[in-house]
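K.L.:
First residue of the sequence shown? That's 1 in UniProt numbering, and the numbers climb one at a time after it.
By construction, these hints were calculated from the structure, which means they are not laboratory data. For each residue, glycine too, the CB sits at the ideal point set by N, CA and C. One should not assume that every hint holds.
What the hints assert, rightly or not - The calculated label-pair distances, taken between Cβ atoms and stated as ranges, are:
| hint | residue 1 | residue 2 | range |
| --- | --- | --- | --- |
| 1 | Arg178 | Ala112 | 24 to 34 Å |
| 2 | Pro188 | Arg130 | 32 to 42 Å |
| 3 | Ser84 | Ala19 | 54 to 64 Å |
| 4 | Ala112 | Val24 | 13 to 23 Å |
| 5 | Leu20 | Ala51 | 23 to 33 Å |
| 6 | Arg130 | Gly90 | 25 to 35 Å |
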Amino acid sequence: MTTESLYPFLHAGATDAAALLADVARSTREKVAEIGRLREEVLDADAGALAACASEMADRFARGGRLYVFGNGGSSTDAMAVASLYVDPGPGRRPLPALALPCDVATLTALANDIGFEVVFARPLAAAGRPVDIAFGLSTSGGSANVLRGLATARERGLLTVGLAGYSGGAMAEAAERGEIDHLFVMPSVSVHRIQEAQTTVYQVLWELVQRALGST
1 MTTESLYPFL HAGATDAAAL LADVARSTRE KVAEIGRLRE EVLDADAGAL
51 AACASEMADR FARGGRLYVF GNGGSSTDAM AVASLYVDPG PGRRPLPALA
101 LPCDVATLTA LANDIGFEVV FARPLAAAGR PVDIAFGLST SGGSANVLRG
151 LATARERGLL TVGLAGYSGG AMAEAAERGE IDHLFVMPSV SVHRIQEAQT
201 TVYQVLWELV QRALGST
């Protein structure tokens with residue numbers, strides 16, 4: 001897929017500013033409508049599952065659990081956003097312990113250099129994860145080997161495992177079918193942009209439900 005196919009208005013050679021702005025507005029409306037439909041589809045399909053997942057997460061937090069969040073690339077940025085949302089939720093909300101594993105650059109690069117990139121999330125979870133904790137892995141493809149390995153390690157140690165994936169869920173969906181991931185939410189789209197936008201909505205909804213389950217500070 002080329003940039004021309006994604007943004008044809010940038011390659012049309014048009015000098016008419018009004019026409020260019022009209023194309024940009026049309027493209028923006030189409031993308032907003034697309035993500036709106038995807039978010040609605042996911043929330044309609046998974047409303048009950050989201051409530052059940054949030055209830056289990058709230059129970060872990062109430063028993064002193066910590067949330068470990070991880071992903072690669074854009075998903076690592078989302079992992080940091082999730083962790084900060086729980087740690088610093090704002091006035092009237094309960095701060096909860098959470099850690100984004102991609103933020104620990106020293107550990108991540110040491111493991112990647114000395115052993116392999118596939119263990120960069122699994123090793124910290126094996127070292128620090130407790131049965132009362134939560135492992136939260138994000139992958140747009142559902143096939144990120146290190147995310148899968150992190151979730152598998154967490155599952156072996158008794159952590160509650162939560163995953164967000166895109167497309168048809170990939171290997172994460174297969175693992176969930178085998179009972180190896182406790183809660184998996186799939187964004188059924190082939191667009192990485194729409195997948196990540198929908199994942200943002202899902203983890204915001206989970207956070208809101210966890211807060212409601214635990215009550216205010």
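K.L.:
Would you pick out the hints that fail for this structure and give their numbers low to high?
P.N.:
Hints 3, 4 and 5 contradicted; others consistent.
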